[in-house]
Amino acid sequence: KAGVTQTPRYLIKTRGQQVTLSCSPISGHRSVSWYQQTPGQGLQFLFEYFSETQRNKGNFPGRFSGRQFSNSRSEMNVSTLELGDSALYLCASSLGAGAGSPLHFGNGTRLTVT
Amino acid sequence: DQQVKQNSPSLSVQEGRISILNCDYTNSMFDYFLWYKKYPAEGPTFLISISSIKDKNEDGRFTVFLNKSAKHLSLHIVPSQPGDSAVYFCAASDGGSEKLVFGKGTKLTVNP
Chain A
1 KAGVTQTPRY LIKTRGQQVT LSCSPISGHR SVSWYQQTPG QGLQFLFEYF
51 SETQRNKGNF PGRFSGRQFS NSRSEMNVST LELGDSALYL CASSLGAGAG
101 SPLHFGNGTR LTVT
Chain B
1 DQQVKQNSPS LSVQEGRISI LNCDYTNSMF DYFLWYKKYP AEGPTFLISI
51 SSIKDKNEDG RFTVFLNKSA KHLSLHIVPS QPGDSAVYFC AASDGGSEKL
101 VFGKGTKLTV NP
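Residue numbers (our numbering), protein chains in the order written: chain A, 1 to 114; chain B, 1 to 112.
One chain only, chain B, in its complex shape (with noise of 0.2 Å):
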């Protein structure tokens, strides 16, 4: 039973257009949200985070969207740079817990 789904498992994307890679989850008590980054034999980066109290948190190129009725979020990267090509997990987290559970993964490719 996964409770965080990225329905996509590849993505790309032109240099300088914008790259949106989705997220869906199912548990209700998620209040927390991250996006990590990974590059082959490295370990994940975070990225950016968003509380369930806000719909919106911006970092530079990335922003991430969250619609709680939806139980959807997004990440947003504009303009997208090939040094940008890796995989992304989301992740959630409820109550203020350490523990994470994590999608999938949605690997992004933007091309020059």
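Pulled out of the complex, with its shape left as it was, chain A reads as follows (with noise of 0.2 Å):
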């Protein structure tokens, strides 16, 4: 079974600018959550997305959004960045049940800001 696809890999964007990361989870999976890691902060949640929907969101500025499509893709979207939004992000997809049901993470968009 193919895990979670993060695309790019690595991605180099000016201050002002926005981006938009894709993510494809595990077939089956219809929960896709993206969190962004710093060493600095660790892993901090952004948002959840469950059929389309946004289902949980976390302590991030309106500038950082996300949606999903009927296949369980996931885009990220961040405009205006800025240098504080260099980071990794990490989608992980699950099969949305909760407890019993682990996040598998993919290996991560690596966003650096100048």
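Hints were generated in silico from the structure; no laboratory data involved. Quick caveat: nothing in here was measured; it's all calculated off a predicted structure. Beta carbons are placed, not taken as given, at the ideal position from N, Cα and C, and that holds for glycine. Heads up, some of the hints might be wrong.
Far from chain B, some chain A residues (derived; all Cβ distances over 10 Å) [as the list claims (entries may be wrong)]: (1) Arg-15; (2) Leu-83; (3) Gly-84.
Label pairs and their computed distance ranges (CB to CB) [as the list claims (entries may be wrong)]: (4) Pro-79(B) <-> Thr-80(A): 45 to 53 Å; (5) Leu-83(A) <-> Glu-42(B): 21 to 29 Å; (6) Ser-79(A) <-> Ile-20(B): 40 to 48 Å.
Take the two lone chains, each set in its own frame, and fit them into one complex as the hints suggest.
What follows is the structure, encoded as structure tokens:
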């Protein structure tokens, strides 16, 4: 079974630009979550989508948004990039059944904002 | 305000010995706990989980213990192998939510 696939693996953008990251979940998984990993803050939850609806949201500004398509694939968008947005962005998928349904992560997209 | 804390940034053990990684949490609503392992340049890999209705869960060389009264869990790896060298993250969720709250990780080094 193929794992969670994230594209691109690396991205360099300039302050003020916007960026879109893509995630393909494990086949059959209906929940997709996004996390930001930075050295100072660790892994922080951005949002979760289930059946094309945002089900949970973390404490990030509105510049961070996402969506999920009918095939469960998901995209995350960050607008008006800031230097502090430089991070590893991880996508994770699961069956969406909560406890007993662990998240399976992709290898991430490393975003650098200059 | 860190709800999940891993107070040891690093741990070094000899091959064949036991590795014990610790995690504390503050939110009493957490009812599902997981451990993930992460190698450089890869995403976290799920290792083992435990529900709050249990106090122990075993999977091969990995055992997780949960002490709800102390709000403490630990991961035991025995015997430790050099391939276990990685960063280990503790995570928690509440009420069936998919949202995980992670600790900042413990870097385990297993020396041959």
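Right, here's what the structure says about each hint:
1. Arg-15: Nearest chain B Cβ is 25 Å from Arg-15(A), so the label holds.
2. Leu-83: holds (22 Å)
3. Gly-84: Answer for Gly-84(A): holds, closest chain B Cβ roughly 18 Å.
4. Pro-79(B) <-> Thr-80(A): 45 to 53 Å: With a Cβ separation near 51 Å, Pro-79(B) and Thr-80(A) satisfy 45 to 53 Å, so the hint holds.
5. Leu-83(A) <-> Glu-42(B): 21 to 29 Å: holds (25 Å)
6. Ser-79(A) <-> Ile-20(B): 40 to 48 Å: holds (44 Å)
Hint violations for this structure: none, all hints satisfied.
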